[in-house]
Amino acid sequence: MRLQRTLASAAILLALGLTLPGCSPSQPDAQAASTLKIAFFSDNTQLVSIDPFQVYWIEHRVVLRNVVEALTDQDPQTGQIIPWLAERWEISPDAREYTFHLRKDVTFSNGEAFDAQAVKTAFDSNKAFAAELPSTFGATYLAGYDHAEILDPHTIKLVLSKPNAGFLQATSTTNLSILAPESYRKSAKERSLGAVIGSGPFKIEHYTPESGLKLVRREGYRWASANVQNKGDAHLSTIEVSYVPEESVRNGLFLQGKVDILWPRVPFSEVDLQLLQRNDATIQSRSLPGPAWNLYPNTRNERILADQQVRLAVQKAIDRKSYASTVYNEAFPVVDGVYDVTTPYFRSQGTKLAYDPQGAAKLLDDAGWTLGADNYRYKDGKRLSLVYNLAGKETPGDVLIQDQLRKLGIELKLKVQTTAEWAAANAAGNYDLTFTYMTRADPIILQTVLDPRSANSSTLATNTYAPAVLPLAQNLFDAGLTATTPEQRAQAYGQLQDLLIDQGSAIPVYERVWQAATSKRVQNFRWSAEGFAFLNDIEVKP
Amino acid sequence: MSHLIDVQDLRVSYHSGGRVTEAVRGVSFHLQPGETLAIVGESGSGKTTVASALLGLLPTTARIDGGRLAVAGQDISHASERSKQRLRGRVVGLVPQDPMVSLNPTLSIGKQIGESLLLRHGKRYPGLDADVLELLEQVGIDNPALRAGQYPHELSGGMRQRVLIAIALAGEPQLIIADEPTSALDVTVQKRILDHLEQLVRARGIALVIITHDLGVAADRADRVLVMRQGEVVESGIAREVFSAPSHAYTRDLLAAAPAFGATPKPVPVETRGAAPLLEFDAVGKRFALPRGQHFQALQDLSLAVYPGQTLAIVGESGSGKSTSLRIALGLEQPSSGRVRFAGQEIGGLGWKQFRPLRQRMQLVQQNPFAALDPRFSVYQSVVEPLVSFGLLKGRELEQAARQLMEQVQLPASYLDRLPRELSGGQRQRVAIARALALKPDLLLLDEPVSALDVSVQAQILDLLRELQAELGVAYVLVSHDLAVVASLAHQVVVLKQGQVVEQGEARQVLEQPRERYTRELLEAVPGRRLAVA
Amino acid sequence: MTVLQRLIPVAGDAAPWRPRRRLQRLFDQAGPLLRRPGFVVALILVLFTLVAALAPWLFTQVDPYATQPSAKLLPPSALHWFGTDELGRDLYTRVLYGARLSVEAALLAVGLALLSGLGLGIVSGFIGGRVDAVIMRIVDVLLALPGLLLALAIVTAIGFGTIPVAIAVGVGIIPGFARTTRAEVLRIKTLPYVEAARLGGASWTSTLLRHVLPNAWGPVAVLATLDIGAAILATAGLSFLGFGAEPPAAEWGTLIANGRHFLITAPWVSLLPGLFLVLVVFSLNHIARTFEEIQR
Amino acid sequence: MSRYLLGRIAQAALVLWGAYSITYLILYLLPGDPLSIMLSASGMEIDALSPEQLAKARAFYGLDQGLLERYVNLLLGVLQGDLGQSLTLNRPVTEILAERLPQTLALAGLAIVLSLIGGVGLAYLAAYVRWQPLKVFLARLPALGFSVPVFWMGLLLIQVFAFGLGWFPATGSVGFESLVLPAVTLAIPSAAVYAQVLQRGFIDVWREPYITTAFAKGLSRAQVQARHGLRNAALPLLTLIGLQVGNTVSGAVLVETIFARNGVGRLVQEAVLRQDIPLVLAVVTVSAAAFVLVNLLVDLLYPILDPRITHAPKVT
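Chains as they are written, first to last, in the numbering used here: chain G, 1 to 542; chain L, 1001 to 1534; chain E, 2001 to 2296; chain B, 3001 to 3316.
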């Protein structure tokens, strides 16, 4: 009996041993070859949603870019708006009416047809949602949209009630993507948790908040925009996305080959970069369009930064070059303006952002802030102490700035807060310096940050400017918004950028470069205009 | 070699913390099969170390420095653990000291006995269950079938000691070492168990080594005795000869100190006629409520009177209610019925505050001198504590009072600076007495004042108490289970059994011509009677 | 023959008796302890940490906050004993300065827990009855709440920083003190010497202060020593989750937590502060256990 | 017995209610308006909205009730098995828990088993070994075990066993293998506590006279330790296991973060920051319930392991 059992198990082992080498090279590898694994940092725990209209979390937008599609697309190199689901369009001279001529061969992954009615459903549903929850992110893209007129099954006219020069660019974003009508029949909550049906090359199989999501290829995809090289079905059959909050664990997974693309929010530090490169990884980088990582001062209520000289001294006291090379690496670009360089109408601020400690010291001396015995500056017995509010844990960069300012006698108090407290402090004006940023490949995005009439925090936007300067800035915002030619826009936004730097109303710190490390297997990783990836172009080699 | 045990010049020392203590210094003796040997000594004499050495169970800190220690012909002084293990149980059995803690609380007693049987007869011993029951029956346990399934906590102390004897017998050893086998038990139980053990051992021809501090036990049970002191044998020989004609001064001192032997000092008679009683119990009873509406009658109908300068003894075994009566006198318990008067004042229903003034006149000396003193208090602090509490004296006066108290209890004044752990048991009890005397009370309540002490120390403390009474005219209420102690101190005796008064009267009359059977039993159970009577 | 005449003559009795000083008693007790090498090493490390917490500048001349980008992530060397961090700050110096916050937080936490736990335990054990039942239920509730969650909620409620963290951690360890104190009070309350003191006319208050508390103190002190270590760890855990001291000051937990990103590339940034913390906590444990062994 | 049980259950319910109420109170004292958090979560701040829009949003999130009103409503819901709606996750809390709880239960369960095996094993070995240096080493090992921060230990284990040796996956929630490292991390401090308490138990039991009795029977050291030592030494451990439940939940918060596991620990940590009161309350209630339940079980188990303790009045 016992002998029999031993023989049987030996036979099983033998059989396994024989079959394993026989089948392993073909099947699993073929499977693996068309699966791409991406590790992002943590999921958004503040707003759990992958509903395109609500999402501002760029990691989600990377995924959505390949699931849902927009009327237009944007050229990553030139910033030009190019056809996608709309073959062409006309804009009325007053920039209030946009007529889109839609492709006729497009279907959603659930089989529903893409037509003018679907577009109208999408825009009207979004408008209705924005009315219900005005704080939602997509509302800023939709600003001014009034109604849609179906001219024929494949022609639609979108009518604005007020000018919105960014509207055309908005139609190219994931936020104004057109979802299948079925998605809009579902609730916003269901959409947030994955009921997102689009016309893109991939479908969402499932989304588990804080854990990950899985995309599968959609068969019969034929309507990629000119940005994408692969005009047919995606090369990859499956994409597995995981959210790994621990940096060292995330890096380890990549180094072990458990993950093909390592894609954290924050750029790689020098040591990590070297480690990754030693392990044959390719570093993909792109500056994210929108404002650079700027500090915004509070100039009101007789706070220290009400004095423009002090603001400019801070501007000069920050060593941006050293910041880029210390916190990140030698090759890291040094921030050069209010916007990141990939934003259309970006204007370089040149020497105005150069590190100039002597200049800063002189400005402070002139403003009456003199060095005390403890190497901090004082005026009328008051220390030059600035409160800088952080949402969550401080970064090495924050501490570096703190030390750079300390060298000039400026005390920077880093106040670590929860996102809730931080938002409350912004709204109440309890800060000297704060930060915020948004990503969109159009300069209009700055209005959601710095135009009190449409900013997320109007207090923050108002406090940034000295009272006299606010009307100037608002005029420039209006000029940019109502402009009908690119030249007009360039002029308005150029002047605005100059104003912000000259006033010390925006203090750039670093260029928001998004970096991803791709393993040797990954081929043809390319960035979209907004800093996302064309996943249908990517191939993985065995 | 026909000696079952042969010990030659055995030396054992303890090593701990860099200090070396020589516990056994050149002890030699031997034992024949079937013989009974008593090793007698006070604490620190090394008698327990010898017993442990015989079992091969010396603690890891102990070291055998020399000599020979042969059990059944095998020298185990430096033998391997394995060979010592083979001797244990089947050659040498043990009846340990304290039955309350010597059984594993989480195993049924049947299993614990069975374990020994399995060791003796092998793993698949078929007669296991029958043998367990038989052994239980043999050691005198009723209803063995039920008891075998019970756990130690469900058995009384006496029964547990019987179970331990059964365990020792189960291994069918040639020798049983009984280490103070009954000192934790009541006298009557003690006697019955020792009788039983003696009989069992005799019937099987097992040799017995009794380790004891009690000369009475040794005298009653042993063929030969070995008297030890500070690790050395001071005297050995046939029991009868040693006790009738001790050759060594220490043995003589021990005999003189042991109350059971001969010349017990008697209390000084006190004239009480015409005096008003100091403490008076009038038909006092105490009931304790149990859960589910049940009651336990701890004390019933106790009447007594204590006169100034006189000693009243309350005698009884555990559960007799003697401690309860003491606590009632102290106002720590309220009587359920009857009246209690102190110096004519009704104290039955007094609150703590109302009672407080009376405490100056009534003090307690507790049973266990090792727990009666705060380990952090110096002797001085302990002794003067009542004076401080009542705010009677201060500064130099306080110090002087402390010196005087130390003189009264015959301790040098330099001891005032010591901590309790730097004192011996007898010295601690003197400090406790000094503390009780601090307030110059009229009445001292003595709760088993010497039961935790060595025999010779007992005698000294009893002497002290007698002298203090003569000197200060203080009255005593003595609570004790030991009739010898009672005889040396008491004028009046109350015998209690399960809360009821058995007999009451003049000490001389109750102790010498007891009317009740229970009192006689108590008297007979006192060890040493056999020899004394013979 | 009177008792007075029977005085035993003892050598030295003539010399006037003088009470020994408390200090001398302490030395008598400490003697055997100082012969244990493990205890001495642990004690030295803990004392070093305490001194460093009070005056870190005694052991290092470097500014703990001065960044030096050119010297970032240097491995340990004669110049930088623990190496440097990602901004070129000297880690050894930062560990010493971190001691201040960590020790302060731990002492504060344990102090808070000790006071309230001791209070609750004494009241509960001494008064007994209903009061005891109510207090023990409250303690049960505190026990039932997972410590870290409680601390997280408290910290978010009263703000970040060393003191809130200390309070949060302290609240979490109250139950241990309350239970231990109560058990000790209950045990000592029934001891003969307490009864003797009461019969000697002492009030409950003075019995409590003179007998119960001093004798209950031992196990509580051991627990306190152990809990200082536990508090250091709990604070470290909270710093790891991002609730630490106000930057650039960094307590040990923050140092370890910040350094963890360099575990592969520059392991010392996390390992050395971690090792230091482990050694200090271990030493505290060792000291506590040694005390415990002596008390037995 | 049944009367005791009823009393004990009532007491457990009381403790549970206390835990719930205290948590609610603390959470309500949190700074900042939950609304502003939720608004800022969706990229908008509270000062950008008009009063009407604010009221609308407040009603949308169900935040237009008072302190007591919300408490009573939540409590009533709990009694009916409804833990409410998560404020930020847009889903019923029970649903989220049903999804997350199994992860944490598996982790905690394995951790408890591992910690018992490790702790008891270590103490057993330390008690058995007689070679002094090894004994001292084993005796001090537990102290080292709980001197190491959990999160740090987790990262070290990942470096060594996942990245260095490649034995176990570093992250993930799939399969038994991914459970090993986090469970070990979580088990180490508990195991250290168990080992230390058990060692102390062994030291105490070793001095008990019944051990001498056992030796005198002729049992070997191993037999004495197994049959008479272990059970008696392990009795204090039982209470401790009950008390460790809270620590295990605390540890799970850290461990789940490090190992990127989707359990309740991480969920609640983030929920606290988001001021998602219903969610935090639910998790705290669940873990307090686990604590209370385990301790109830421990109390009921005690008489089985220790015959001296009995909840039924003795029948004589």
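Just so you know, these hints were derived from the structure itself, not from any lab. Any given hint could be a false lead.
[Claimed, not checked] Below, simulated DSS-like cross-link-like pairs (lysine-lysine); rule was C-alpha separation at most 30 Å, straight line:
1) G:K189 / G:K203
2) G:K393 / G:K382
3) G:K413 / G:K379
4) G:K362 / G:K413
5) B:K3056 / G:K189
6) B:K3056 / G:K186
7) G:K162 / B:K3056
8) G:K127 / G:K203
9) E:K2189 / L:K1353
10) L:K1266 / L:K1123
11) G:K362 / G:K382
12) G:K258 / G:K393
13) B:K3135 / G:K120
14) E:K2189 / L:K1084
15) G:K120 / G:K157
16) G:K352 / G:K382
17) G:K258 / G:K104
18) G:K203 / G:K162
19) G:K413 / G:K203
20) G:K127 / B:K3056
21) G:K520 / G:K203
22) G:K214 / G:K189
23) B:K3056 / L:K1084
24) E:K2189 / L:K1440
25) L:K1123 / L:K1084
26) G:K321 / G:K203
27) G:K407 / G:K382
Going through the hints against the structure:
Straight-line distance between C-alpha atoms of G:K189 and G:K203 comes to about 18 Å, which keeps the hinted pair within the 30 Å bound. At roughly 28 Å between alpha-carbon atoms, G:K393 and G:K382 fall within 30 Å of each other, so this suggested pair holds. For the hint linking G:K413 to G:K379, the alpha-carbon distance of about 18 Å falls within 30 Å, and the restraint holds. Simply put, G:K362 and G:K413 have alpha-carbon atoms about 23 Å apart, close enough for the 30 Å limit, and the pair holds.
For the hint pairing B:K3056 with G:K189, the CA-to-CA distance comes to about 18 Å; that is within 30 Å, so the pair holds. A distance of roughly 21 Å separates the Cα atoms of B:K3056 and G:K186; the hinted pair therefore holds under the 30 Å criterion. Restraint check for G:K162 and B:K3056: the C-alpha separation of about 25 Å stays at or below 30 Å, so the hint holds. For a cut-off of 30 Å, the pair hint linking G:K127 to G:K203 stands: about 25 Å separates their Cα positions.
Of the pairs offered as hints, the one joining E:K2189 and L:K1353 holds, with about 19 Å between alpha carbons and a cut-off of 30 Å not exceeded. Between L:K1266 and L:K1123, the direct Cα distance comes to roughly 60 Å. Violation of the 30 Å bound is thereby established for this hinted pair. Using a Cα cut-off of 30 Å, the hinted pair G:K362 and G:K382 holds, with the two alpha carbons roughly 19 Å apart. Simply put, G:K258 and G:K393 have alpha-carbon atoms about 28 Å apart, close enough for the 30 Å limit, and the pair holds.
Between B:K3135 and G:K120 the CA atoms are separated by roughly 79 Å; this puts the pair beyond 30 Å, and the hint is violated. With a C-alpha separation of about 45 Å, the suggested pairing of E:K2189 with L:K1084 is violated against the 30 Å cut-off. For the hint pairing G:K120 with G:K157, the CA-to-CA distance comes to about 9 Å; that is within 30 Å, so the pair holds. With a C-alpha separation of about 29 Å, the suggested pairing of G:K352 with G:K382 holds against the 30 Å cut-off.
Distance check on the hinted pair: G:K258 and G:K104 sit about 41 Å apart at the alpha-carbon level, beyond 30 Å; violated. With a C-alpha separation of about 36 Å, the suggested pairing of G:K203 with G:K162 is violated against the 30 Å cut-off. For the hint pairing G:K413 with G:K203, the CA-to-CA distance comes to about 47 Å; that exceeds 30 Å, so the pair is violated. Between the alpha carbons of G:K127 and B:K3056 the distance comes to roughly 16 Å, so the proposed pair stays at or under 30 Å and holds.
This hinted pair checks out: G:K520 and G:K203 have alpha carbons roughly 26 Å apart, not beyond 30 Å. The hinted pair formed by G:K214 and G:K189 meets the criterion: a straight-line CA distance of about 19 Å does not exceed 30 Å. With a CA separation close to 87 Å, the supplied pair B:K3056 and L:K1084 exceeds the 30 Å bound. Taking the CA atoms of E:K2189 and L:K1440, the gap is near 26 Å; set against the 30 Å cutoff, the hint holds.
Restraint check for L:K1123 and L:K1084: satisfied, since their Cα atoms lie roughly 20 Å apart, inside the 30 Å limit. A threshold of 30 Å between alpha carbons decides the hint, and for G:K321 with G:K203 the separation of about 43 Å lies outside it, so the pair is violated. Our distance criterion of 30 Å between C-alpha atoms is met by G:K407 and G:K382, whose separation comes to about 18 Å.
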